[in-house]
Amino acid sequence: MVTALIVMGGLGCVSALLLGIASKVFYVKENPIILEVEEALPGANCGGCGFAGCHAAAVAIATGKAPPNICVGGGPDISENVANIMGMKVVAKEPELASTECCGGARAVEKFNYDGIQDCRAANMLFGGTKLCEHGCLGFGTCVNSCPFGAIEMGPDRLPVFDPNLCRGCGACVRVCPKGIISLISSTTKILHFNQYSECLAPCQQKCPAQIDIPTYIDQIREGKYKEAILTIKERNPLPLTCGRVCPHPCEDVCRRGVEDEPVGINYLKRFVADWEMNQGQHLEVSIAAPSGYKVAVIGGGPAGLSCAYFLRRLGHKVTIYEQMPQLGGMLRYGIPEYRLPKRILDWEIEGIVGLGIEVRTGVKFGEDFDLEFLRAAGFDAVFMGIGAWDSRRMGIDGEDLEGVWDGTDFLSKFHLGETPVIGKKVVIVGGGNTAIDAARSALRIGASHVTLMYRRSREEMPANDMEITAAEEEGIELMFLAAPVRIHPKNGKVAKIEYIKMRLTDPDPSGRRRPEPIPNSETLMDADTIIAAIGQFPKIDFIRENKNIAALKITKWSTIDGAEETLQTDIPYVFTGGDCFTGPALAVDAIGAGRYAARSIHYYMLEGEIPLIEERQTSLIKETLFDHVEGLEHVPRVHPPELKVDTRIRNFDEVEHTLSPSDAQREADRCLRCGLICYNRDIIEAMERELAESTTQ
Amino acid sequence: MEYLLLVISAVLVNNILLAQYLGNCPFLGVSKQMSTALGMGTAVIFTMTLASIITWGVHKWILMPLEIEYLQTLSFILVIASLVQFVEIFMKKSMDTLYQALGIFLPLITTNCAVLGVALLCIKNEYSFLKMVVFSFASGLGFALALVVFAGLRERYVISNIPKPLQGTAIGLITAGFMSLAFFGFMGLT
Numbered sequence: 001m002v003t004a005l006i007v008m009g010g011l012g013c014v015s016a017l018l019l020g021i022a023s024k025v026f027y028v029k030e031n032p033i034i035l036e037v038e039e040a041l042p043g044a045n046c047g048g049c050g051f052a053g054c055h056a057a058a059v060a061i062a063t064g065k066a067p068p069n070i071c072v073g074g075g076p077d078i079s080e081n082v083a084n085i086m087g088m089k090v091v092a093k094e095p096e097l098a099s100t101e102c103c104g105g106a107r108a109v110e111k112f113n114y115d116g117i118q119d120c121r122a123a124n125m126l127f128g129g130t131k132l133c134e135h136g137c138l139g140f141g142t143c144v145n146s147c148p149f150g151a152i153e154m155g156p157d158r159l160p161v162f163d164p165n166l167c168r169g170c171g172a173c174v175r176v177c178p179k180g181i182i183s184l185i186s187s188t189t190k191i192l193h194f195n196q197y198s199e200c201l202a203p204c205q206q207k208c209p210a211q212i213d214i215p216t217y218i219d220q221i222r223e224g225k226y227k228e229a230i231l232t233i234k235e236r237n238p239l240p241l242t243c244g245r246v247c248p249h250p251c252e253d254v255c256r257r258g259v260e261d262e263p264v265g266i267n268y269l270k271r272f273v274a275d276w277e278m279n280q281g282q283h284l285e286v287s288i289a290a291p292s293g294y295k296v297a298v299i300g301g302g303p304a305g306l307s308c309a310y311f312l313r314r315l316g317h318k319v320t321i322y323e324q325m326p327q328l329g330g331m332l333r334y335g336i337p338e339y340r341l342p343k344r345i346l347d348w349e350i351e352g353i354v355g356l357g358i359e360v361r362t363g364v365k366f367g368e369d370f371d372l373e374f375l376r377a378a379g380f381d382a383v384f385m386g387i388g389a390w391d392s393r394r395m396g397i398d399g400e401d402l403e404g405v406w407d408g409t410d411f412l413s414k415f416h417l418g419e420t421p422v423i424g425k426k427v428v429i430v431g432g433g434n435t436a437i438d439a440a441r442s443a444l445r446i447g448a449s450h451v452t453l454m455y456r457r458s459r460e461e462m463p464a465n466d467m468e469i470t471a472a473e474e475e476g477i478e479l480m481f482l483a484a485p486v487r488i489h490p491k492n493g494k495v496a497k498i499e500y501i502k503m504r505l506t507d508p509d510p511s512g513r514r515r516p517e518p519i520p521n522s523e524t525l526m527d528a529d530t531i532i533a534a535i536g537q538f539p540k541i542d543f544i545r546e547n548k549n550i551a552a553l554k555i556t557k558w559s560t561i562d563g564a565e566e567t568l569q570t571d572i573p574y575v576f577t578g579g580d581c582f583t584g585p586a587l588a589v590d591a592i593g594a595g596r597y598a599a600r601s602i603h604y605y606m607l608e609g610e611i612p613l614i615e616e617r618q619t620s621l622i623k624e625t626l627f628d629h630v631e632g633l634e635h636v637p638r639v640h641p642p643e644l645k646v647d648t649r650i651r652n653f654d655e656v657e658h659t660l661s662p663s664d665a666q667r668e669a670d671r672c673l674r675c676g677l678i679c680y681n682r683d684i685i686e687a688m689e690r691e692l693a694e695s696t697t698q
Numbered sequence: 699m700e701y702l703l704l705v706i707s708a709v710l711v712n713n714i715l716l717a718q719y720l721g722n723c724p725f726l727g728v729s730k731q732m733s734t735a736l737g738m739g740t741a742v743i744f745t746m747t748l749a750s751i752i753t754w755g756v757h758k759w760i761l762m763p764l765e766i767e768y769l770q771t772l773s774f775i776l777v778i779a780s781l782v783q784f785v786e787i788f789m790k791k792s793m794d795t796l797y798q799a800l801g802i803f804l805p806l807i808t809t810n811c812a813v814l815g816v817a818l819l820c821i822k823n824e825y826s827f828l829k830m831v832v833f834s835f836a837s838g839l840g841f842a843l844a845l846v847v848f849a850g851l852r853e854r855y856v857i858s859n860i861p862k863p864l865q866g867t868a869i870g871l872i873t874a875g876f877m878s879l880a881f882f883g884f885m886g887l888t
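Chains as they are written, first to last, in our numbering: chain A, 1 to 698; chain B, 699 to 888.
Calculated from the structure, these hints are not laboratory results.
Quick caveat: nothing in here was measured; it's all calculated off a predicted structure.
There's no promise every hint is true.
[Stated by the list, open to error] Derived CB-CB ranges, DEER-like:
#: 1; chain 1: A; residue 1: 621; chain 2: B; residue 2: 846; range: 55 to 63 Å
#: 2; chain 1: A; residue 1: 148; chain 2: B; residue 2: 733; range: 19 to 27 Å
#: 3; chain 1: B; residue 1: 875; chain 2: A; residue 2: 197; range: 53 to 61 Å
#: 4; chain 1: A; residue 1: 148; chain 2: B; residue 2: 875; range: 24 to 32 Å
No residue lacks a Cβ here, since even glycine has one placed at the ideal position from N, Cα and C.
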């Protein structure tokens, strides 16, 4: 007994002594920073960072093998603490979230080739996962199981849905996906992305000049996720309130529901969510990349300039907008009448954009108050010129300079400069575009008793939006087709009569166009005391011709600024252009798309010096996506937003069209066919349903 | 020939993991990845051999002369634990590369029953010094083999379709059972 006690005690003492000596002799000085870092880490040992536990991660951080923000489990405050220990500065990092661009492709059909397998990787190993579509989610949800934060779930279409609030960007799903369709994408990547032919794109998304992801935001509206829908739109278009009101929605023209039924009211839906955001009273927060240190000057605060400034700001650059008019908005403010776009709404929208930290100088004119040299001296790395098309084309007829003859843009901008133009009772508008219609409807609202719109071709050729033409007719504006003015007759120095000649359309020429030609001896006189000419606009570019230091800026024969189609770069390398001053008068949404395109070019120009071309850039519609019939479709009438009655609206400038109710929006969103996500061949769908039923009963 | 039989017996027939069911906790714990299984296997071979040598000495020169063999288990635990700690400290200072490779596994083995089991078996079977070294080394080898094979299987079935109730450790234990049955096939060799 005693021996046993002595032996065990002795053994213990010897062991303790040996260990004690060993720890003294073989003492390794551990970096105290490692301990501190380890303290700061959450200690969950989740391994999400790629190291075996928090201690290993702490060692890696302390030895500089890993950045302080490597911990994916802890969130920004942990990273901040760790960075403080490491003596590093904390700058806000743009979150990178998992997402997939895949929208199905041929996946749904092929899913059932993989009978009995429930893991994407197994399916991929056994069958190679051959896909018709180059993306192609296999749909077994292996990524769902791999996510340590529970941020992924399989959506109703068997495509993964990522919850941005839970996703920490650890990349576990990216590693596990055998098809490589999941990637960590930051807002920067999304902003810099443009449609490519290789992508699975719904026709509306191809057609939209701003390339808004229409099917996604309609889907989000259907699910009642208005906030997400707004953010989806704002990744492409910073002006949804405006576009929701004034956009002629080219997207709806190609809507596949329109083939068998009426097209989906895409723009109504956009307006619906945009109005929802405004009625919340607060601008939704959008992500902004870390400051890049670059400065960009944007000349012109219209849709192109605003869009370019907005996206450059979101890419982390400092932006200053220079605007010649007293307020931002360009043609949206000075060209579009109040009854289509109330200015308090435009103000609110612009306030949201400027609120991202964009500097604004109004009332300064490029070429007079400042020039490129001034901007270079002020330290700007690049310049975007989006000066719009503000000069009106002249009719080139006698009497054009008489009192009582207006040009369309002048006439419309008067309303927003605090004065109402004085006009007579009998007003004649010349032209067939949107400016002409806007002028006609505005003239009616300030007291004209008879408004005639004179256009030299027929109604089919009118460039104005169909809806606007109809609204003008409803309000009692007389449309006079196939007539062109030839002379204006004065009385006491003022306009008294307009002489016009009747026209006819020639037979189609080889290019298929029917040109108007005058019918000889058909001149007719008509009483008129005010004439508004709205026959076309072009950029005001006199300053370029006069100013020597920007003589390098080339002007095309259409008086627009010349630039490279693929980059929007002008002949002065640091000057970029886009919008009406580049293309000639076009839609607001065209300018918005161009603004983002220029922002991309400027971003690459400043960061890399070179602007990479977009591979397979989608510029025309993909033929295969324009299927000409849809099977098994029930007719569901398109919703119509409430609008003011004609007799109440023509007396004032109140907004004519109103927003949808939530239930109507839901119903309209339900009409979307989700092109790209659903197979339209009923046989295939039925076969799939059968197989699905079989596989669930087994 | 005698030694060859001893090795075969220790590695295959009386595999420490699959025939004697010792050391099951690292068997299930660190067998999810091939790389960690290899590291763990090597660490076990090393520790097992070293621990057997020391405990054999303790037994021969301390316990036997004093006729207190009944303290075997108690004293071996103490000795093995101190030994592993000592080795870890030593390695950290002097053999950094080896420490990086095996270091993180050493604390896992401090009180591993397989190591203790092999030390006790050597005494029970009254092996000579050389036989003891060969046996303990071969037992470690058997442990590593089973672990590596098991890890290979586990890497596969992560991607296979396993019914919900059986996922994770459950299917691990079932697999271990089948492996054990397979190793029983070596019984006839002796």
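Hints, verified against the model:
1. A/621 - B/846: 55 to 63 Å: For residue 621 of chain A and residue 846 of chain B the Cβ distance comes to about 57 Å; the hint holds.
2. A/148 - B/733: 19 to 27 Å: Cβ of residue 148 of chain A to Cβ of residue 733 of chain B: about 20 Å, so the range 19 to 27 Å holds.
3. B/875 - A/197: 53 to 61 Å: holds (55 Å)
4. A/148 - B/875: 24 to 32 Å: This hint holds: roughly 30 Å between Cβ atoms.
Every hint, counting from the list given before, is met by this structure.
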